[in-house]
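Peer 1: In this note's numbering, the protein residues as written are 911 to 1141.
Everything labelled a hint here was simulated from the structure, so no lab data went into it. No experiment lies behind these values; they were computed from the predicted model shown. Just to be clear, a hint being listed does not mean it is correct.
As the list claims (entries may be wrong) - Derived lysine-lysine pairs resembling DSSO-like cross-links, with alpha carbons at most 27 Å apart:
id: 1; residue 1: Lys986; residue 2: Lys1106
id: 2; residue 1: Lys956; residue 2: Lys930
id: 3; residue 1: Lys1012; residue 2: Lys1058
id: 4; residue 1: Lys943; residue 2: Lys1106
id: 5; residue 1: Lys988; residue 2: Lys1135
id: 6; residue 1: Lys943; residue 2: Lys986
id: 7; residue 1: Lys988; residue 2: Lys1012
id: 8; residue 1: Lys1135; residue 2: Lys1058
id: 9; residue 1: Lys943; residue 2: Lys956
id: 10; residue 1: Lys1012; residue 2: Lys956
id: 11; residue 1: Lys986; residue 2: Lys1135
id: 12; residue 1: Lys930; residue 2: Lys1058
id: 13; residue 1: Lys956; residue 2: Lys1106
id: 14; residue 1: Lys1106; residue 2: Lys930
id: 15; residue 1: Lys1106; residue 2: Lys1058
id: 16; residue 1: Lys1135; residue 2: Lys1106
id: 17; residue 1: Lys1135; residue 2: Lys1012
id: 18; residue 1: Lys956; residue 2: Lys1135
id: 19; residue 1: Lys988; residue 2: Lys956
id: 20; residue 1: Lys943; residue 2: Lys1135
id: 21; residue 1: Lys943; residue 2: Lys988
id: 22; residue 1: Lys930; residue 2: Lys943
id: 23; residue 1: Lys956; residue 2: Lys986
id: 24; residue 1: Lys1106; residue 2: Lys1012
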Amino acid sequence: TTKHSNTNQNFFHFGSIDRKGIIQTLIDAGLWKGIPLASGQTLTVKTNYDSNKQCGVIYEVHDEGDITAEMENGTKGKEYLFINYGTNGSAIANGAYGDIDKPILPSEYLNFPFGDIVPSGHEVDLLCVLTCNHGRDASTSYGLPYTKLIRGREVLFDPDRLGTFTGGGQSLWGFNTREVAKESPLRLLPEPVTFKAGEELTIQQQNDSGAEIALDLLLLGVILKVRRLEA
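Go ahead and model the full structure; you've got the sequences and the hints to work with.
Peer 2: Put into structure tokens, the structure is as follows:
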């Protein structure tokens, strides 16, 4: 929707600079196994905004029975990897940190970490955070210098408790960083951070834009691997 367009999460083109996208980064790291479609299942792919956009799908064809819905990332699989997206459920005052606490994906997916805990019978690995530190043009840019990930009383990855630097086109997560594009592919965590049932992760974004940020305006993603545990 247009209310999230100020935080474009697609890579912008910078001349001849070659950067891997999210899927290729996950494939190279051995994390993305594709989406198994068993015989009779369908996959629907949609693009937003422009009817002129095109989308391609790379796929393999297997013998019937070799691919099942119970495989990883399948509709009945016990493990799956996805990008969860959240937004700010309340306005964020200038100079303050505000919670990214409102999930925006369909109810089939976990709400965690956006305003909810890891549900019973599940375990979740946090693999990466997707932030964007600029808008689509000069009039829609925001000052978003720090992103906090808080687990219990600990601010992850920063003993100074400011959070990770994500502003000025130089996000430490490396994603969509305009000023250091050649040196900034998507950076996955060296080791996953695992959250067990009942645990929570609070994500806060600092607003240093000079004005209040309206509710439902920001967009932040987290790459998660979910495991359904045996009873």
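Peer 1: Does the alpha-carbon distance linking Lys943 and Lys1135 stay inside the 27 Å limit?
Peer 2: holds (12 Å)
Peer 1: Is it true that the CA of Lys1106 sits at most 27 Å from the CA of Lys930?
Peer 2: Violated - the C-alpha atoms of Lys930 and Lys1106 are around 31 Å apart, more than 27 Å.
Peer 1: Straight-line Cα separation of Lys1012 and Lys956 no greater than 27 Å?
Peer 2: This hinted pair holds, its Cα atoms lying about 23 Å apart.
Peer 1: Run the distance test for Lys1135 versus Lys1106: straight-line Cα separation, threshold 27 Å.
Peer 2: holds (12 Å)
Peer 1: Just to be careful, I want the Cα atoms of Lys956 and Lys1106 compared with a cutoff of 27 Å; is the pair within it?
Peer 2: violated (33 Å)
Peer 1: Quickly compare the C-alpha distance for Lys1106 and Lys1012 to 27 Å and report which way the hint goes.
Peer 2: holds (20 Å)
Peer 1: CA of Lys956 to CA of Lys986, is that 27 Å or under?
Peer 2: Distance ~22 Å between Lys956 and Lys986 Cα, so the pair holds.
Peer 1: Are the Cα positions of Lys988 and Lys956 separated by 27 Å at most?
Peer 2: holds (25 Å)
Peer 1: Taking 27 Å as the top limit, are the C-alpha atoms of Lys930 and Lys943 close enough?
Peer 2: Holds: Lys930 and Lys943 sit about 17 Å apart, inside 27 Å.
Peer 1: Going straight from one Cα to the other, do Lys986 and Lys1106 come out at no more than 27 Å?
Peer 2: Satisfied, since the Cα-Cα distance of roughly 21 Å is no more than 27 Å.
Peer 1: Mind checking the alpha carbons of Lys1135 and Lys1012 for me, to see if they're no more than 27 Å apart?
Peer 2: holds (20 Å)
Peer 1: Take the C-alpha atoms of Lys956 and Lys1135, compute the straight-line distance between them, and say whether it is at most 27 Å.
Peer 2: holds (23 Å)
The structure fails hints 13, 14 (numbered hints given earlier, in ascending order).
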